[in-house]
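> Kindly generate the complete structure, drawing on both the sequences and the hints.
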Amino acid sequence: MKNVRNRVLLIVAVLLVCIYGILGIPKGLSGPALLEAITKNIHLGLDLKGGAHLILRVKVQEAVSAETDNTVAQLQQDLKKANTAFTRIYKPDPAKPTVISVEGVPAAAASQFRTALDTKYGTEYDYSSANGTYTLTMKPTYQSDLEKRTLQQSIETIRDRVDTLGVSEPVIQEYNLGADQILVELPGVSDLEGIKRLLQETARLEIHAVVGGPFPTEQAALASVPGGVIPPDQVMLHAPGAIGSRSDADSVYLLQRAAVVKGNDFRSAESATNPDTGQRMVRFTLTTDAGDTFYEYTSHNVGSAMAVVMGSTVREVANIRSGIRDQGDIEGSFSEDEVASLSKLLRTGALPASLEEIETRTVGASLGADSIKEGVTAAVVGVLVVMLFMLVYYKGSGINADLALLLNLLILLGFMGFSTATLTLPGIAGVILTIGMGVDSNVLIFERIREEIREGKSAAAAVEQGFGHAWITIVDTHVTTIVSAAILFLFGTGPVKGFATTLTFGLLANLFTAVFVSRTIFDAHLNKLKTGQMVSI
Amino acid sequence: MELFHGVNIDWLGKKWYFLAFSLIFSVAGLISMGIHLAQTGSPVPLGVDFRGGTEVQVQFANPPDIGAIRTAVSSAGITDAKIQSYGGDVSRNEVLISLPEQKNETSLDQGRQAIVSALKTHYNNPFDEAKGVKVDVVGPTVGKQLRNKAIMATLYSLLGMLVYLWFRFQLIYGVAAVIACFHDTLITIGFFSLTGQEISLTVIAAILTLVGYSMNDTIVVFDRIRENLRMNRREELPDVVNRSINQTLSRTVLTSGLTFLTVLSLYIFGGQVLRGFSFALVIGILIGTYSSIAVAAPMLVAYQQWRGKNGKAAILPAARRAR
Numbered sequence: 001m002k003n004v005r006n007r008v009l010l011i012v013a014v015l016l017v018c019i020y021g022i023l024g025i026p027k028g029l030s031g032p033a034l035l036e037a038i039t040k041n042i043h044l045g046l047d048l049k050g051g052a053h054l055i056l057r058v059k060v061q062e063a064v065s066a067e068t069d070n071t072v073a074q075l076q077q078d079l080k081k082a083n084t085a086f087t088r089i090y091k092p093d094p095a096k097p098t099v100i101s102v103e104g105v106p107a108a109a110a111s112q113f114r115t116a117l118d119t120k121y122g123t124e125y126d127y128s129s130a131n132g133t134y135t136l137t138m139k140p141t142y143q144s145d146l147e148k149r150t151l152q153q154s155i156e157t158i159r160d161r162v163d164t165l166g167v168s169e170p171v172i173q174e175y176n177l178g179a180d181q182i183l184v185e186l187p188g189v190s191d192l193e194g195i196k197r198l199l200q201e202t203a204r205l206e207i208h209a210v211v212g213g214p215f216p217t218e219q220a221a222l223a224s225v226p227g228g229v230i231p232p233d234q235v236m237l238h239a240p241g242a243i244g245s246r247s248d249a250d251s252v253y254l255l256q257r258a259a260v261v262k263g264n265d266f267r268s269a270e271s272a273t274n275p276d277t278g279q280r281m282v283r284f285t286l287t288t289d290a291g292d293t294f295y296e297y298t299s300h301n302v303g304s305a306m307a308v309v310m311g312s313t314v315r316e317v318a319n320i321r322s323g324i325r326d327q328g329d330i331e332g333s334f335s336e337d338e339v340a341s342l343s344k345l346l347r348t349g350a351l352p353a354s355l356e357e358i359e360t361r362t363v364g365a366s367l368g369a370d371s372i373k374e375g376v377t378a379a380v381v382g383v384l385v386v387m388l389f390m391l392v393y394y395k396g397s398g399i400n401a402d403l404a405l406l407l408n409l410l411i412l413l414g415f416m417g418f419s420t421a422t423l424t425l426p427g428i429a430g431v432i433l434t435i436g437m438g439v440d441s442n443v444l445i446f447e448r449i450r451e452e453i454r455e456g457k458s459a460a461a462a463v464e465q466g467f468g469h470a471w472i473t474i475v476d477t478h479v480t481t482i483v484s485a486a487i488l489f490l491f492g493t494g495p496v497k498g499f500a501t502t503l504t505f506g507l508l509a510n511l512f513t514a515v516f517v518s519r520t521i522f523d524a525h526l527n528k529l530k531t532g533q534m535v536s537i
Numbered sequence: 001m002e003l004f005h006g007v008n009i010d011w012l013g014k015k016w017y018f019l020a021f022s023l024i025f026s027v028a029g030l031i032s033m034g035i036h037l038a039q040t041g042s043p044v045p046l047g048v049d050f051r052g053g054t055e056v057q058v059q060f061a062n063p064p065d066i067g068a069i070r071t072a073v074s075s076a077g078i079t080d081a082k083i084q085s086y087g088g089d090v091s092r093n094e095v096l097i098s099l100p101e102q103k104n105e106t107s108l109d110q111g112r113q114a115i116v117s118a119l120k121t122h123y124n125n126p127f128d129e130a131k132g133v134k135v136d137v138v139g140p141t142v143g144k145q146l147r148n149k150a151i152m153a154t155l156y157s158l159l160g161m162l163v164y165l166w167f168r169f170q171l172i173y174g175v176a177a178v179i180a181c182f183h184d185t186l187i188t189i190g191f192f193s194l195t196g197q198e199i200s201l202t203v204i205a206a207i208l209t210l211v212g213y214s215m216n217d218t219i220v221v222f223d224r225i226r227e228n229l230r231m232n233r234r235e236e237l238p239d240v241v242n243r244s245i246n247q248t249l250s251r252t253v254l255t256s257g258l259t260f261l262t263v264l265s266l267y268i269f270g271g272q273v274l275r276g277f278s279f280a281l282v283i284g285i286l287i288g289t290y291s292s293i294a295v296a297a298p299m300l301v302a303y304q305q306w307r308g309k310n311g312k313a314a315i316l317p318a319a320r321r322a323r
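As they're listed, the protein sequences go chains L and U.
In terms of my numbering, the first sequence opens at residue 1 and continues consecutively.
In terms of my numbering, the second sequence opens at residue 1 and continues consecutively.
The reader is advised that the hints may include incorrect statements.
Quick look at which bits of chain L chain U covers, simulated, 3 or more residues with Cβ under 8 Å [what the hints assert, rightly or not]:
| no. | region |
| --- | --- |
| 1 | 367-375 |
| 2 | 434-448 |
| 3 | 464-478 |
| 4 | 496-504 |
From chain U, some residues computed to sit far from chain L (all C-beta separations above 10 Å) [claimed, not checked]:
| no. | residue |
| --- | --- |
| 5 | Val7 |
| 6 | Ala28 |
| 7 | Met33 |
| 8 | Leu37 |
| 9 | Ala130 |
| 10 | Trp166 |
| 11 | Thr195 |
| 12 | Met299 |
| 13 | Gln305 |
| 14 | Arg307 |
| 15 | Lys309 |
Okay, derived cross-link-like pairs now, BS3-like style, lysine-lysine, Cα gap no bigger than 27 Å in a straight line [unchecked claim]:
| no. | chain 1 | residue 1 | chain 2 | residue 2 |
| --- | --- | --- | --- | --- |
| 16 | L | Lys91 | L | Lys120 |
| 17 | L | Lys59 | U | Lys131 |
| 18 | U | Lys144 | L | Lys196 |
| 19 | U | Lys309 | L | Lys49 |
| 20 | L | Lys96 | L | Lys120 |
| 21 | L | Lys196 | U | Lys120 |
| 22 | L | Lys81 | L | Lys59 |
| 23 | L | Lys497 | U | Lys120 |
| 24 | U | Lys131 | L | Lys497 |
| 25 | L | Lys27 | L | Lys81 |
| 26 | U | Lys144 | L | Lys59 |
| 27 | L | Lys373 | U | Lys131 |
| 28 | U | Lys144 | L | Lys148 |
Calculated directly from the structure, the hints in this document are not laboratory data.
The beta-carbon is built from N, C-alpha and C at its ideal position, and this holds for glycine as well.
Okay, here's the thing in structure tokens:
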């Protein structure tokens, strides 16, 4: 690599590529145009440009529990169809949502029942039996699959909902700090309330079969049940008075726990008006599969009542007049806003389980701007102090070190421009630290060259030896620091990750500038020296 | 210009002073952590990241009056808030209001809402709710997870370096370097406990950086020891170590000095958010430089002398070649 010219060309090429990475093609060369170009290419973290950061936990247990509720309903239907007798099918322990008990299957029907279990539920459940009681337990692999699916589906739903807001560059991804967590980052958003309402609205619009009601009070509802205890496959829900019974008093219904139509069975919904009454309605469309099930249910249960449940309140109760396949209207005294938000939520799909926020952070844009100002001031002061010192201490070679340092910073920022990494406030600290550490390589080399000169070597030999000896040390020091930066990146979160990023990029760039670039400058200089003349160091 | 040219200091002869110095600072830190642990249940003051809770930072249009804010907040029924002017810098009109950890996740956001509405209704000093407010709300679960992760990250990074040094030098070099880094971490955290500063996520980042930094310094000295051992096999180990430290002294002092200057600029100009981060580095760089000379190198010599006493051959001379 004696050919200095080729090396200079390479360095200039790297320089140009990096400047392109930072600026792109700026619209002009004025201050604001350049600033705009920089902020377009280098992604600023939330702590610098302001925005909201949320960590949500998906309550995946709810999805598991809903799945077993379904199985309970399905089993009841299957057994009735096959004319197999049973006393009851229920979930014995509320704390264990994966366990289902089937009681009272006669011994004569045992083998038939087992075959049914094996063929229809074998992939999802393990079962055991004792004295005519069968215990179905969801397979752990199926459960963890279901939980994973729930998480993924939640992420997709949240992404769809965020997209309706028009936030630029949102981040919605699985967050690996703990189980079932989702990270949501919304730059430039400070109205947390509206966002959270939109994200967390489970919009669990469901249709349930009505068992009893309306009752004026919970006591009355309980009194209607034999023994005064609601069976585990039923649930008691309130209907706000103005809806449901259309009287002013709040009323109570008993419903089947398992829904006939679940949230994710809806394909779309839009607002409509009943031509006869002028009432506002939600017109919904079901998926094909759900439509088939719904038709089967409605045509077998003409005359019985169905309840439309949203969240955990009954919004409407209606009698089935005929079989409904995949399209229907929900009429009720919904407000215009409710209809609009309901149809939006149904379009983006329902969340399969509810969410719980476990961390929220917001940064106002002007506080972020203050942070940028402070970080940049600290960086500029740091660079100037170091550059000045190198000039004073190493004279001519100081220029060399300073050039390498500036190039190091340019490459670092170029990396940031080309990659999708974000620059955070700790990231700026990483840049500043890179300045201090970057200069270390130059100090190592220069001190070594000085030692070699003291031992009486010629300028060229001293430079050669100095770089040769220092190289081993430089590799060792860089590797260890990159190891700790990599671990920080793996374990760190948000801003700390930004710090690890800039530190790693800076160290990699430093290997190039402090060794390759600095050596090239020395060689170019040595070529011009007369025999016996020394380098300025 | 040249400093430290031809210095010839007997560093190993001062090892008892070094030991005393290190012990005093480590023990002082440990005692302080012990007292803090007994009083609050954690060895160091923890930032909102680790402790969980709510922090609301508000930038007011006019100079804020802490007393009036306290009245406003408590008249809204919030009695356990801690109110202070942010970073002790009164000119920026910023106030930090913190609430202690919530017991469960359901009421996570209520503190923030309550504080903001209390300030709007009971305190007559305008602020821009969209741009001038910074809120951190960390639930107890996340706080605990972040805490575990930080500890794991520090341990893994020490382990990673031990393995690298084992591979590049020998196990004893790695052990000596890691003990030196552990010593730096302990003393730095001790300083946080002594001065009552909070450990946040960024402080952990700073501590990991200083682990890498201190390791750098140690490696530079070790590299020189290895090189000198190879060139001169007859020289006694303590002399080689002394000579190596002296030869690299000017580099050590220069680099540390320059990095110290950049970190100092960060501490002075970098603003309150990075104050803890730069404080950890200011302390850490001083201690890290000291430890590579005064802890890691003497440990190599002590190990060799201990092996010699037990009648075993010294294994220190670089058995592996560097290139």
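> Taking the numbered hints from earlier one at a time, note which ones the structure violates and give those numbers from smallest to largest.
Violated: hints 9, 17, 19, 22, 23, 25.
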